[in-house]
Every structure is written in structure tokens, then in C-alpha cells.
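As given, the protein sequences belong to chains A and B, one line each in that order.
Its first residue numbered 1, the first sequence is counted upward by one per residue in my numbering.
Its first residue numbered 1, the second sequence is counted upward by one per residue in my numbering.
Derived by calculation from the structure, the hints in this document are not laboratory data.
Every residue, glycine too, gets a C-beta built ideally from N, C-alpha and C.
You may find that some hints are simply not true.
For the chain A half of the interface with chain B, some residues (derived, Cβ under 7 Å), not all of them [claimed, not checked]:
(1) THR15
(2) ILE276
(3) SER283
Now for the letters of each chain:
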Amino acid sequence: MLKFFLTRIGLIIPTFFGMTLLAFVLIRLVPGDPIETLAGERGIDAARHAALLHAYGLDQPLPTQYGIYILKVLHGDLGKSIITQTPVLDEFWALFPATIELALCAMVFALLLGIPAGILAAVKRNSVLDHGVMGAALTGYSMPIFWWGLLLILLFSVLLDWTPVSGRIAVTYFIEPRTGFLLVDSLLSDEPGAFRSVLAHLILPTIVLGTNPLAVVARMTRSAMLEVMGEDYVRTARAKGLPSWRVLGVHALRNALIPVVTVIGLQTGVLFTGAILTETIFSWPGVGKWLIEAIARRDYPVLQGGMLLLGGVVMGVNVLVDVTYGWINPRIRTGSA
Amino acid sequence: MTGANLAARTAPETPGQEVWRALCQNRGALLGLGAIVLIALVALLAPWLAPYHPHLTDNTVFLSPPAWQQGGSLAHVLGTDAIGRDILSRLMHGARLSLFIGLAVVAISMVAGVAIGMLAGYVRGVFEVAVMRAMDVILTLPSLLLAIVIVAILGPGLMNAMLAVAIVCLPHYVRITRAAVIAESGKDYVMAARLSGAGHLRLMLIEILPNCAAPLIVQASLGISTAILDAAALGFLGLGAQPPSPEWGTMLADAREFVVRAWWVVTFPGLAILITVLAFNLLGDGLRDALDPKLKR
Numbered sequence: 001m002l003k004f005f006l007t008r009i010g011l012i013i014p015t016f017f018g019m020t021l022l023a024f025v026l027i028r029l030v031p032g033d034p035i036e037t038l039a040g041e042r043g044i045d046a047a048r049h050a051a052l053l054h055a056y057g058l059d060q061p062l063p064t065q066y067g068i069y070i071l072k073v074l075h076g077d078l079g080k081s082i083i084t085q086t087p088v089l090d091e092f093w094a095l096f097p098a099t100i101e102l103a104l105c106a107m108v109f110a111l112l113l114g115i116p117a118g119i120l121a122a123v124k125r126n127s128v129l130d131h132g133v134m135g136a137a138l139t140g141y142s143m144p145i146f147w148w149g150l151l152l153i154l155l156f157s158v159l160l161d162w163t164p165v166s167g168r169i170a171v172t173y174f175i176e177p178r179t180g181f182l183l184v185d186s187l188l189s190d191e192p193g194a195f196r197s198v199l200a201h202l203i204l205p206t207i208v209l210g211t212n213p214l215a216v217v218a219r220m221t222r223s224a225m226l227e228v229m230g231e232d233y234v235r236t237a238r239a240k241g242l243p244s245w246r247v248l249g250v251h252a253l254r255n256a257l258i259p260v261v262t263v264i265g266l267q268t269g270v271l272f273t274g275a276i277l278t279e280t281i282f283s284w285p286g287v288g289k290w291l292i293e294a295i296a297r298r299d300y301p302v303l304q305g306g307m308l309l310l311g312g313v314v315m316g317v318n319v320l321v322d323v324t325y326g327w328i329n330p331r332i333r334t335g336s337a
Numbered sequence: 001m002t003g004a005n006l007a008a009r010t011a012p013e014t015p016g017q018e019v020w021r022a023l024c025q026n027r028g029a030l031l032g033l034g035a036i037v038l039i040a041l042v043a044l045l046a047p048w049l050a051p052y053h054p055h056l057t058d059n060t061v062f063l064s065p066p067a068w069q070q071g072g073s074l075a076h077v078l079g080t081d082a083i084g085r086d087i088l089s090r091l092m093h094g095a096r097l098s099l100f101i102g103l104a105v106v107a108i109s110m111v112a113g114v115a116i117g118m119l120a121g122y123v124r125g126v127f128e129v130a131v132m133r134a135m136d137v138i139l140t141l142p143s144l145l146l147a148i149v150i151v152a153i154l155g156p157g158l159m160n161a162m163l164a165v166a167i168v169c170l171p172h173y174v175r176i177t178r179a180a181v182i183a184e185s186g187k188d189y190v191m192a193a194r195l196s197g198a199g200h201l202r203l204m205l206i207e208i209l210p211n212c213a214a215p216l217i218v219q220a221s222l223g224i225s226t227a228i229l230d231a232a233a234l235g236f237l238g239l240g241a242q243p244p245s246p247e248w249g250t251m252l253a254d255a256r257e258f259v260v261r262a263w264w265v266v267t268f269p270g271l272a273i274l275i276t277v278l279a280f281n282l283l284g285d286g287l288r289d290a291l292d293p294k295l296k297r
């Protein structure tokens, strides 16, 4: 198990360095040099320009600059935002809990609906129900979620007035940040009604962000269940006279869920992609909205650091999923380690 | 029955006929194909079908509702937007852009991806390792994030957005081609061609490549829908096609602020994206079932 774990860790090292190289190169493709970008439209005189280039080490050869960049990244220094002058890492950690909270809720939503829907479709294979569920899943998979979000706002916020339009909590509440997760913080605070407000704000963004993963989970569960239900041990369980809920729920489902675990891991990247759009629509104060605003302000250190950090998170989750996968399915562990 | 007739009846099907027959048995795929043909026709004939020029503004009809709603008129069947442009005409012209984006992005990433993947699978060694690690990096980053950063650096616009989406889609083609090339290279027919003196180029392009086609065709048809969706998302974020372009995502971005007052300016462009993407996904699913009998259940 340890060897398997170490191999997986070893595999991400080149990917990590590749990512830093990409972040380093991309930012140097910006027209003009970083000092001109810093100076903005006011411009800067030649002597001061040269002095600043030297001060930031930008007059060094590119390989040296990359070496310095790597050393800084490894020490947790991702530079400062051009606009706020706050370290990128600090800004990221302040906003990341909001994104995580939203992403977790979306994933729970997708699993709670997607797994039962997939099982139902597999058990009632080729029925109207199966076609209905799979049609809905393909529609969910094809959904432009930025439009889906607008439609839900139109229906639930504007026409029915059931849910708030934007933000994480009503402005009348002040919740002291302890964990950064408002669902937890609002419960810990004494403010009555705060938790309700947080929940109400979460509903629409959760549905919007969870739609794509929901579709993928439902499709994956269905095909995994169909595969498992044809196996000999399921037939044996049926032949023993076990009730059908036990055959499906205990014997078939447990094995069918193995590929679903992988899908959950692969959805992390999809969730972050979706979070950028969802946060923009609902003014959700997370890292997605932060990055979009950084583009408008030409805040390149934020873009560079944010890309590296989100990529790092996805990489970490992938390793975690690999390890979990090896843990619940020993065939993987011994096969590839 | 004449002998010729009999021969024609018993002759084995060509691979193309076989796939077509399997596709015809899949109602979903046929529906998708039908929708794509329809959208393509609208796109091709847009200048003649559309009642107005997509950029033509009319200051007498701001935010006029669709024909069936009170206050709407048959002059603008799907209503008008905030500066009086006919939505139906813009959607029809937008179909041209979306299909062009889908096809162009897939063409760019497929040609580049097949070339890189084929070299990686054929040459192997350090080159292969370097290429595959680079693809891992692109795959690890959230796709839209990478596309956004690329566009932010190159500058917003339709061409840069397409290039960004093509780069993001590249790894899928590289991986599929490389895996297929490695699987095919060891087969006897490649060895036979090599022994009869075929050069590297002939081996790669004429012997091996056609046998890698099936997974690439499936990926391409599914890739068109991803490309349309991602390009629309970039347009929605203001990084893709720029106004007054009738690109569907850009139309949605323009319409966002009117969501409360005019449901139609938001509803129809999104519906157009959904239907087009769904059609390509239906066809892609059908093609996969038809081309890969192992997956058929």
C-alpha cells in the first residue's frame, strides 16, 4: 500500500513542475513586460523602468528567472496582487472556503440524486423510466450552466420570489468567520435565522453547479449497475433466495460504486470550471469570481497564482481518489504498483 | 433472381454501411443527426431565411416580446433585444458562428492532436514521455480556467477563444491516437508492411492511421459539443466573440441585465445552445455505440 501511495505521489511531481513552467511561460506571453503592466496607462520613464526590472530580477536570463520563481513557489510565495498588494496566497485562502462549500454541496446534491436515479434506470432497463432518466441526464450533461443559472433565477427568484438572487447570506447578518464555511459558522453564531439565510442562498448555486456532475453520476451508476448485475455472484445471491433489495443494495451496489468513486474525483476539475461560471452569475464571493475579476483588472499575478493553486488542488484530489481506489479495490493496487 | 442480384445481396457490408445501419437503429442518434442537419441548413441559408440583418437596430421596438405574448407582433416572432435587434435573425446568424466554432476547434485540435499523438506513439522514448507529461498538465487544470487564462493573455476575441478551446481539447486526441498507435504498431499487418519496405510516413499515415479512426470519430463528434459549450461560456464571460456579434454566449452576456424585464432575450439564445449541444451529444453517443460493439448492451 505504501509503495502504491509513493508511486502515485511520484507521478504528480513532473506534472507539478510542468504546471509551474506553464504558469511562468504564459504570463511572459503578455504583451509588454510586467513593469509596464504594473505602471499601467500612465507609462514609466526609461531609467526607472530599468531600475525596477533589476529590482524584480527581470533582467536575468529566463532560466534563472524560472529557478527563482520555483524557489519562491516552493516557499509558498506566489507574489502579490497588483491591485490590492495583498499576497496572492492570502487572498486565495480567504475566498477558497466559499468555493469549497459550494462545490461540496453541489457534489452531495449530485450523489444524492444521481446514484438512486442511476440504480432505478438500471433496474428498470429499457423502460419508459430508464429512457426518461437517461434523456434527462444527457440534457443535464449538455446544459450551458450559465444559462441554466439565469433561468432558475428568473423562475425562483423573480417570478416566485422563493430564493435570494445573489451572495452567500443576507446583508443584515454579520457572522464572525471561524471556519470560513458559512453553514458551520452560522450555526455556531447566536444570530437567529442566519442558518436559514445561508441555506436559502445556497440552493440555486448548488443546483446549477451540481447539474453536470449529477448527469455524469447517473449515467455512470446506471452502466456500472448493469455490468455488475450480469455477474455470477449476483446470480448466486438471487439463487440463494435473497430479497431483491438485498441483492441490489448490498451485493450489486457496493461493487458498482467503485467506478463512481473515480468519477467523483474526475469531477473536481469540472466543479472548478463550473464554479467560475456559477460564482459569476450568483455573485458568490469565491475564487472563481476572484479570477474573473482579476482578468478585468489585468491582475496577472492573481491569474498566475490562482491557476497554479486550483491546478494543485485538482492534482491533490486526483491522488486522493487514486489512493482510495487502490484501498477499496485491491486489484488496482497490486496490478499497477 | 439473377446471379448478379444474388451477389449484391450476399456481399458483406462495408464498414461505413455497417455503422450507418447501427446508427439507424438508434432513435436518439437519428434525432440528433436530424437536428444537426436542420441547424446546418438554417446556418447555411441564414442570410436568406433571417427576416432582418443581425446587427440592424430599430429604435421603435426596444425589448418587444415574442409574437404570442401580449404586446408582441409577427414582425419579430421571437421578440427584440434591448436595442431593437430581431432575436430570431440573430439566432439564425449565430448558428453559423456556433457550427463554425465547433468544426474549426475540432479540426485544429484533431489535426494537431493526431500528429503529436502519432509521433509520440511511433517514436516513443523521451519524446513520448515529455509529450504525455505536458498533456497531463493541460488535463489537470480545470478546462475553462486554462482557456480563460490563455484568452486573458492573448486578448479577448472569437479567434483567440477558439484557439484557447482547441488547446484545452488537445490532450484527448493526443492520448487516443497514441494509445491506438501503440496498440496497432505491434500487429502483423504493420510488420508485413515494414518488411515489404514501407517508409515511416507510409507506415504512420497509410497503414496505422486509418485503423485508429473509430475512437477519433467518436471523440470528434463529442468534441464539437464541448467546443460550442466552452466557446459560448467564454462569450458569456465577455472573453469570446465581442458585441455586436450574434454569437449565442455573447448574446446571453448582453441579455443578463434584462433578465427581470424580458425573459425572452435570455431564454432563446440559451435554448439554441442547449439544443445544438444536445444534438451533437446524441449523435456522439450513437456513433460510439455503433463503432464500438464492445460497449453495446
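Do the hints match the structure? See the list:
Interface hint status for THR15 of chain A: upheld, as the beta-carbon distance to the closest one in chain B is roughly 5 Å, under 7 Å. Because the beta carbon of ILE276 of chain A sits about 6 Å from the nearest beta carbon in chain B, less than 7 Å, this interface hint is met. A least Cβ separation of about 12 Å between SER283 of chain A and chain B goes past the 7 Å threshold, and the interface hint is therefore violated.
Checked against the numbered hints given earlier, this structure breaks only hint 3.
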